[in-house]
Amino acid sequence: MTIWHVGSFMRHHRMSRPSFVTGAAICVLAVMALGAATSAATTPTTTTSPATVKRQMLRDLTAEGWKKERIYRIDVKNHLATFLVGPFECPITFPLVRTKSGTGYLYWWPYERSVNDGLIFPFPPSAVTGLATSCQP
Amino acid sequence: MALLAGIALCVVIAVGETVNYGLTTGFWPLG
Numbered sequence: 001m002t003i004w005h006v007g008s009f010m011r012h013h014r015m016s017r018p019s020f021v022t023g024a025a026i027c028v029l030a031v032m033a034l035g036a037a038t039s040a041a042t043t044p045t046t047t048t049s050p051a052t053v054k055r056q057m058l059r060d061l062t063a064e065g066w067k068k069e070r071i072y073r074i075d076v077k078n079h080l081a082t083f084l085v086g087p088f089e090c091p092i093t094f095p096l097v098r099t100k101s102g103t104g105y106l107y108w109w110p111y112e113r114s115v116n117d118g119l120i121f122p123f124p125p126s127a128v129t130g131l132a133t134s135c136q137p
Numbered sequence: 001m002a003l004l005a006g007i008a009l010c011v012v013i014a015v016g017e018t019v020n021y022g023l024t025t026g027f028w029p030l031g
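Residue numbers (the working numbering), protein chains in the order written: chain W, 1 to 137; chain G, 1 to 31.
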């Protein structure tokens, strides 16, 4: 259907153009009002505060098993995060021990769970005994 | 008569556009 069909239909039924345009305008205004009302009804008016969102995020991370720990050193270039595992301070690479940030804290997957997941190897007893400053998986 | 025809045409277009929007944006998924 083109505008020519509309004009032809109007002429055939002897309709006046101003009345037709007025009707169309009334309808357009009604549709716009309907859209505005629908938008106002469906848009949430109450917004959750950033503090509440952050609290919820921290709760979710803890529920998943993430642990909030102090990271001693981060080697951005070599993707190494150094933190305390047991009595030793061991360098753990980022792909092996997952971290989550963006919550104001840095979360890491607990070492014991990483071993269970097969992400990192457990320290052999020979490496654990007698080592004070470094340890190799 | 012309007034009603104008309203009717507008309503038809509005409904058509609404359905088109709902279907193309996946708001009303088919199948």
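If you're looking for bench data, these hints aren't it; they were derived computationally from the structure.
Beta carbons: idealized from backbone N, C-alpha and C, even for Gly.
Please note: incorrect hints may appear among the correct ones.
Stated by the list, open to error - What follows is a list of derived Cβ distance ranges for each label pair:
no. : chain 1 : residue 1 : chain 2 : residue 2 : range
1   : G       : Thr18     : W       : Thr43     : 15 to 25 Å
2   : G       : Trp28     : W       : Thr46     : 37 to 47 Å
3   : G       : Trp28     : W       : Arg17     : 31 to 41 Å
4   : G       : Met1      : W       : Ser49     : 15 to 25 Å
Unchecked claim - Computed from the model, here is a short list of chain W residues facing chain G with C-beta under 10 Å:
no. : residue
5   : Trp4
6   : Val6
7   : Phe9
8   : Thr22
9   : Gly23
10  : Cys27
11  : Ala40
Claimed, not checked - Derived contacts from chain W toward chain G, CB cut-off under 8 Å, selection only:
no. : residue
12  : Ile3
13  : Ser8
14  : Met10
15  : Met15
16  : Ser16
17  : Ser19
18  : Phe20
19  : Val28
20  : Val31
Numbers of the earlier hints that this structure fails to satisfy, in rising order: 2, 4, 5, 11, 12, 13
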